[in-house]
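Let the hints inform the model, and build the full structure from the sequences given.
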Amino acid sequence: MKRVGFWAFVRKESLHILRDPRTMLIVLGIPVVQLLLFGFALSTEVNNLDFSVAAPHRSEAVRQLVERIAANDCFTFRGYVDPQQIDRELRRGRADVVVVFADDFDRRMADGISAGGGEAGGCVDDGRAAVQLVFDASNPNMAAAGAGYLQRLLCAGNAPGAEVEMHLLYNPRMKSAYNFVPGIMGLLFILICSIMTSVSIVREKESGTMEVLLVSPVRPVGIVFAKMIPYFLLSCVDLAVILLLARYVLGVPLSGSVAGVVAISILYLLLALALGLFISTIADRQATALVISAMLMLLPVIMLSGMIFPVENMPGVLQALSCAIPARWYIEAVRKLMIQALPFSAVVREFGILLAMTVALVAVALHKFNDKLE
Amino acid sequence: MNDREAVISVRELTKCFGAFTAVDHLSFEVFRGEIFGFLGANGAGKTTAMRMLCGLSYPTSGWGRVAGYDIATQGEEIKRHIGYMSQRFSLYDDLTVLENIRLFGGIYGLSRREILRRAVGLLRRLGIRGEAHTRVRSLPLGWKQKLAFAVATLHRPEVVFLDEPTGGVDPLARRQFWELIYEAAAGGTTIFVTTHYMDEAEYCTRISMLVDGRIQALGTPAELKCRFAAESVDELFRRLARGAKRAQE
Numbered sequence: 001m002k003r004v005g006f007w008a009f010v011r012k013e014s015l016h017i018l019r020d021p022r023t024m025l026i027v028l029g030i031p032v033v034q035l036l037l038f039g040f041a042l043s044t045e046v047n048n049l050d051f052s053v054a055a056p057h058r059s060e061a062v063r064q065l066v067e068r069i070a071a072n073d074c075f076t077f078r079g080y081v082d083p084q085q086i087d088r089e090l091r092r093g094r095a096d097v098v099v100v101f102a103d104d105f106d107r108r109m110a111d112g113i114s115a116g117g118g119e120a121g122g123c124v125d126d127g128r129a130a131v132q133l134v135f136d137a138s139n140p141n142m143a144a145a146g147a148g149y150l151q152r153l154l155c156a157g158n159a160p161g162a163e164v165e166m167h168l169l170y171n172p173r174m175k176s177a178y179n180f181v182p183g184i185m186g187l188l189f190i191l192i193c194s195i196m197t198s199v200s201i202v203r204e205k206e207s208g209t210m211e212v213l214l215v216s217p218v219r220p221v222g223i224v225f226a227k228m229i230p231y232f233l234l235s236c237v238d239l240a241v242i243l244l245l246a247r248y249v250l251g252v253p254l255s256g257s258v259a260g261v262v263a264i265s266i267l268y269l270l271l272a273l274a275l276g277l278f279i280s281t282i283a284d285r286q287a288t289a290l291v292i293s294a295m296l297m298l299l300p301v302i303m304l305s306g307m308i309f310p311v312e313n314m315p316g317v318l319q320a321l322s323c324a325i326p327a328r329w330y331i332e333a334v335r336k337l338m339i340q341a342l343p344f345s346a347v348v349r350e351f352g353i354l355l356a357m358t359v360a361l362v363a364v365a366l367h368k369f370n371d372k373l374e
Numbered sequence: 001m002n003d004r005e006a007v008i009s010v011r012e013l014t015k016c017f018g019a020f021t022a023v024d025h026l027s028f029e030v031f032r033g034e035i036f037g038f039l040g041a042n043g044a045g046k047t048t049a050m051r052m053l054c055g056l057s058y059p060t061s062g063w064g065r066v067a068g069y070d071i072a073t074q075g076e077e078i079k080r081h082i083g084y085m086s087q088r089f090s091l092y093d094d095l096t097v098l099e100n101i102r103l104f105g106g107i108y109g110l111s112r113r114e115i116l117r118r119a120v121g122l123l124r125r126l127g128i129r130g131e132a133h134t135r136v137r138s139l140p141l142g143w144k145q146k147l148a149f150a151v152a153t154l155h156r157p158e159v160v161f162l163d164e165p166t167g168g169v170d171p172l173a174r175r176q177f178w179e180l181i182y183e184a185a186a187g188g189t190t191i192f193v194t195t196h197y198m199d200e201a202e203y204c205t206r207i208s209m210l211v212d213g214r215i216q217a218l219g220t221p222a223e224l225k226c227r228f229a230a231e232s233v234d235e236l237f238r239r240l241a242r243g244a245k246r247a248q249e
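Residue numbers (my numbering), protein chains in the order written: chain A, 1 to 374; chain D, 1 to 249.
The hints are simulated quantities; they were obtained by calculation from the structure and are not laboratory data.
There's no promise every hint is true.
Heads up, incomplete: computed chain A residues facing chain D, CB under 10 Å, no partners named [said to hold, decoys possible]:
{"#": "1", "residue": "6"}
{"#": "2", "residue": "19"}
{"#": "3", "residue": "90"}
{"#": "4", "residue": "211"}
Simulated crosslink set (DMTMM-like; lysine to aspartate or glutamate; CA at most 20 Å straight-line) [what the hints assert, rightly or not]:
{"#": "5", "chain 1": "A", "residue 1": "205", "chain 2": "D", "residue 2": "231"}
{"#": "6", "chain 1": "A", "residue 1": "205", "chain 2": "D", "residue 2": "164"}
{"#": "7", "chain 1": "A", "residue 1": "205", "chain 2": "D", "residue 2": "93"}
{"#": "8", "chain 1": "A", "residue 1": "205", "chain 2": "A", "residue 2": "284"}
Derived CB-CB ranges, DEER-like [claimed, not checked]:
{"#": "9", "chain 1": "A", "residue 1": "19", "chain 2": "D", "residue 2": "140", "range": "18 to 24 Å"}
{"#": "10", "chain 1": "A", "residue 1": "296", "chain 2": "D", "residue 2": "17", "range": "26 to 32 Å"}
{"#": "11", "chain 1": "A", "residue 1": "314", "chain 2": "D", "residue 2": "109", "range": "50 to 56 Å"}
{"#": "12", "chain 1": "D", "residue 1": "125", "chain 2": "A", "residue 2": "370", "range": "27 to 33 Å"}
Just so it is clear, CB atoms sit at the ideal spot from N, CA and C, and this is done for glycine as well.
Below, the structure written as structure tokens:
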């Protein structure tokens, strides 16, 4: 008789969700909106940099180099300026960067090539640069990213034997979508599973139906699991939507094992559901459940999980704190699997940590849940 | 039917929360087909006692049986043989009448066919056959309460616990509700009801007055009125409750 009414219950929960347009909107709308927002609008990548050029002599070599930069779709050529006007150019916002060529650029290029190619356009050899990049660094992120990218462009191709060779593996164009998609997955599943389940359990406490259920022969554990099933299925739909959007709209490679991503995501979903259950045992009102979810989960996930701010840059205390945040491990694992294309064996540690967290959470939550009945 | 068969029997039932004794050595019996009114001011221990009888909470000491099962050890069995309706409305607003019936039928392990058969009978009895596919939210409160009672007795429990079932309903709807209760009691279902409408207490077969966790009076309404020389149950109640030491919420 253990199964008494279990499926009747799952049916009822599904009806609740289907009948509430708000829930459906949150569960199915938010992932799409967030993914597209972060993927397109809120990007840290450098896309539309305007550059001007200051060159004493517009020689063939200079023009070739300028054309090479202009041909790249990250940079837009704004024209030549007088070397005296560089500061004005940046202040007026006509350009984000001015590329300054040295007086003797042509000679040095020629020397370099005839001497066997020790030096190339833009690269340094004698302590005095042939090309100078003057950046508007009022936005340091943009300036740093742009400088790096421009430097690589200048060095590329005509630098046989140049000292520094930079390769950005896995994400050569530094697209932010690569970074955000795993982060958003980490955030969304917590949002959907934890908040929705905790609110839906607490709602029954509030309306008094929980009492009726507890007096019925359905076991409390059954009530809770029956609640989780529809949310779990919905989250799986979300997972599919996110992966498809990431792959075909945002162009994230999904180069590793898709099965691995799915497996660890499902584990993470279960963990988020357990978190929701745990919250529902603490909170007695829907509003409380919401606040707890938002304060205790969303903020830490956004701030400490490495979704936006790299964990490695945090002070020790925060790094230690971030270890307790499941999203950190999940996001790390998904990055490895999706972007770096590592095999599943590379994320065994993360998988193990998430599994342990899930088991612990379920145990504590069920214990608390049963305790409440006394 | 033996009308002196005890469906609920309780001996020295006690529940303490720390140093506070919420229910203090209760002893009583409720017989089959009775409507047993369990009266008391807020904080007198009604809810606590009722929770123990429903298998939701263990007694600190004492002993009790409901529908033939021990409340301390056979909570699961008890749950299968009782019905429960609370003061707060206990159906799902966003489900239709029929969906609610199916859910609770399913919870009590009735087959789909049996549920449907009983649902048809139930809707006919309540006179709301046309509303089977209406969401409960849009029904008037009086109908909802009757429906909640009908759903609570769908699995034909031996005892139904009603926790202030008629809160917030107009007198006419309350009368109709009590007709349903009488009908169920006549069919052999035992009714255990708490209420603070003292006129409703007059409808009960027997009533008990709980003050500070103890039963101060127990008997038929007529008996008690006679013994305490009170005009009405209301007067009786006020006289007994005045002696209460616990602050009323």
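Going down the list of hints, with the structure as the test:
no.: 1; hint: 6; in the structure: holds, 9 Å
no.: 2; hint: 19; in the structure: holds, 5 Å
no.: 3; hint: 90; in the structure: violated, 60 Å
no.: 4; hint: 211; in the structure: holds, 5 Å
no.: 5; hint: A/205 / D/231; in the structure: violated, 41 Å
no.: 6; hint: A/205 / D/164; in the structure: holds, 18 Å
no.: 7; hint: A/205 / D/93; in the structure: holds, 14 Å
no.: 8; hint: A/205 / A/284; in the structure: holds, 7 Å
no.: 9; hint: A/19 / D/140: 18 to 24 Å; in the structure: holds, 21 Å
no.: 10; hint: A/296 / D/17: 26 to 32 Å; in the structure: holds, 29 Å
no.: 11; hint: A/314 / D/109: 50 to 56 Å; in the structure: holds, 54 Å
no.: 12; hint: D/125 / A/370: 27 to 33 Å; in the structure: violated, 38 Å
When each numbered hint is compared with the structure, violations occur for hints 3, 5, 12.
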